[in-house]
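Chains as they are written, first to last, in our numbering: chain A, 1 to 254; chain B, 1 to 254.
Please keep in mind that the hints were generated in silico from the structure rather than gathered at the bench. We put the CB at the ideal spot given by N, CA and C, even for glycine. Hints are not guaranteed to be accurate.
[Unchecked claim] Cβ-to-Cβ under 7 Å is the rule here; a few derived chain A residues that face chain B:
#1 G139
#2 K218
#3 T219
#4 L220
#5 N223
#6 A224
[As the list claims (entries may be wrong)] Cut-off 25 Å, straight-line C-alpha distance, at most; resulting in silico cross-link-like pairs (DSS-like, lysine-lysine):
#7 A:K228 - B:K216
#8 B:K226 - A:K184
#9 B:K226 - B:K53
#10 B:K182 - A:K216
#11 A:K226 - B:K216
#12 A:K226 - B:K184
#13 B:K53 - B:K184
#14 A:K53 - A:K228
#15 A:K216 - A:K184
#16 B:K216 - B:K182
#17 B:K228 - A:K216
#18 B:K184 - B:K216
#19 A:K53 - A:K226
#20 A:K182 - A:K216
There are 2 protein chains.
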Amino acid sequence: MHFLRFTAESSSNGVVERDFILDGIPGVLWSPASGADRAPLVLMGHGGGTHKKAPAMAGRAHLLVTGCGFHVAVIDAPGHGDRPRTAHDEQEIAALYRARAAGEPEGPIVVRYNDHLAELAVPEYRATLDALQELPEIGADGPVGYWGINMGTAIGVPFVATEPRITAAVFGQHWPDALAEKAKRITIPIEFDMQWDDEHIPREGALALFDAFASKEKTLHANAGKHKELPRFEADSAVRFFARQFGRAVTVPA
Amino acid sequence: MHFLRFTAESSSNGVVERDFILDGIPGVLWSPASGADRAPLVLMGHGGGTHKKAPAMAGRAHLLVTGCGFHVAVIDAPGHGDRPRTAHDEQEIAALYRARAAGEPEGPIVVRYNDHLAELAVPEYRATLDALQELPEIGADGPVGYWGINMGTAIGVPFVATEPRITAAVFGQHWPDALAEKAKRITIPIEFDMQWDDEHIPREGALALFDAFASKEKTLHANAGKHKELPRFEADSAVRFFARQFGRAVTVPA
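Chain A extracted, bound-state conformation (with noise of 0.2 Å):
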């Protein structure tokens, strides 16, 4: 059994965020301020680079919060935000940079790196969800969700090929050469971002990515512009998805 520790806690705009420790690793929960009945949880995974309280996490969470009633956790990946850098972090993080200096393509670097982090990071989600659904306000009854752009695909797609407790998944932006196979075990409704003129993954790849999924539901959206230019529209989209997946009405922007 894991059990999280909570070690803050603070509300604002409807949303409690608490922070949690489970087995040294840290997270974040966010719930409706209204508490009460049970509701839906849509783990999160986090950007390279980035960390769990990022902008982006914060505010999915926050449409998920306010627009369905959900709960939302996410966890730092390894070598992220509070978690220390081993030395491979530190050296495979080099390469990227040198790559980056000498215009060479970051593809590579990344597809291993996000690899390596993902068969460290998959346990560590599963035993975060084994918790969660330890407590009343999630229980071990309701749907779950993933989403998880970048390298929150390259942790999500190994991690729900193999979790049966997770029956919808947004997912994105990513390379096949590690995924495609993964994703060929996946069934659930899924969508899957993409960006059109992305200068980093052919569009081939993405392509070949969202084909892999053997989901009989699963949606492609594909926008114009480069890697880091995904439109903030496709967060309230995630969003409607989710409350389509799982039953729930959901206020949020067109």
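Assemble the complex: chain A is given as a structure, and chain B must be docked to it using the hints.
For chain B alone, coordinates are given in the frame of chain A:
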């Protein structure tokens, strides 16, 4: 000058439906029953073999009128709905049925027949827009959208490519052959639907047509499923797209 003649009016569930005739072409205009202020207009194009009041048209109009307060208009395409079929129409329809019965590709016939109909329909759509903008509840200054899938895209792409009054459009589910060159002249925001497992339109062809649009802001929605399985939630998405583009609040399902 072209003048609309209204021939029938009815009202239900907050939507006023007015049939009209313009230069012998039958159309329908749906408007908010609340009336009052000027509101944006969305022109729609129906699919092949259907007509201006087919369920898909009436359903989308209901979403746009009750969800956003927009006006919505459709006209029957040449040879469709209440309009007579020519000998050429009959030949092409017979050719399509023969191809279907023989298990041969429909694409070449649909592409050439729709291209022919588009040549006739584009000036009709332009005249319809001229006349609708004479109505005080629409006016000449408000935003105008276009929404057409299948044959509605075959007509809409050449229409929008030559019609600067259209400032946002939803297209999808057609071949690139007759349309890609025209799509290259379109720069307005676009939402584009395709079916990932379309048995008629090759995946590469659908992606090539999306790619051809010169729009800086364009979104591809590709859903798993066959040609006729476009999910209903894509209609809600299109309504939100127009609401976003035209700066309107929206009330539609998740």
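Results of checking the hints against the structure:
Proximity of G139 of chain A to chain B is violated relative to the hint, the smallest CB-CB distance being about 23 Å (cut-off 7 Å). Look at K218 of chain A: its Cβ gets to within about 5 Å of chain B, closer than 7 Å, so that hint holds up. Annotation: interface hint on T219 of chain A holds; nearest CB of chain B at approximately 5 Å, less than 7 Å. Hint status for L220 of chain A relative to chain B: holds, with the closest Cβ pair at about 4 Å, below 7 Å.
Annotation: interface hint on N223 of chain A holds; nearest CB of chain B at approximately 5 Å, less than 7 Å. The beta carbon of A224 of chain A is positioned within 7 Å of a beta carbon in chain B (closest approach about 5 Å), and the interface hint is therefore held. For the suggested pair K228 of chain A and K216 of chain B, the alpha carbons sit about 15 Å apart, so the restraint of at most 25 Å is met. Under the criterion of a C-alpha separation no larger than 25 Å, the hint pairing K226 of chain B with K184 of chain A is consistent with the structure, at around 20 Å.
For the proposed pair K226 of chain B and K53 of chain B, the alpha carbon gap of about 24 Å is at most 25 Å, so the pair holds. The hinted pair formed by K182 of chain B and K216 of chain A fails the criterion: a straight-line CA distance of about 34 Å is larger than 25 Å. Our distance criterion of 25 Å between C-alpha atoms is met by K226 of chain A and K216 of chain B, whose separation comes to about 11 Å. With a C-alpha separation of about 20 Å, the suggested pair K226 of chain A and K184 of chain B falls inside the 25 Å cut-off, and the hint holds.
Distance check on the hinted pair: K53 of chain B and K184 of chain B sit about 31 Å apart at the alpha-carbon level, beyond 25 Å; violated. The suggested pairing of K53 of chain A with K228 of chain A holds, with an alpha-carbon distance near 18 Å, which does not exceed 25 Å. A C-alpha spacing of about 12 Å is found between K216 of chain A and K184 of chain A, which places the hinted pair at or below 25 Å, so the restraint holds. Of the pairs offered as hints, the one joining K216 of chain B and K182 of chain B holds, with about 16 Å between alpha carbons and a cut-off of 25 Å not exceeded.
Proximity of K228 of chain B to K216 of chain A is assessed by CA-CA distance (about 15 Å); at most 25 Å being required, the pair is judged to hold. A distance of roughly 12 Å separates the Cα atoms of K184 of chain B and K216 of chain B; the hinted pair therefore holds under the 25 Å criterion. With a C-alpha separation of about 24 Å, the suggested pairing of K53 of chain A with K226 of chain A holds against the 25 Å cut-off. A distance of roughly 16 Å separates the Cα atoms of K182 of chain A and K216 of chain A; the hinted pair therefore holds under the 25 Å criterion.
Hints 1, 10 and 13, counting from the list given before, are not met by this structure.
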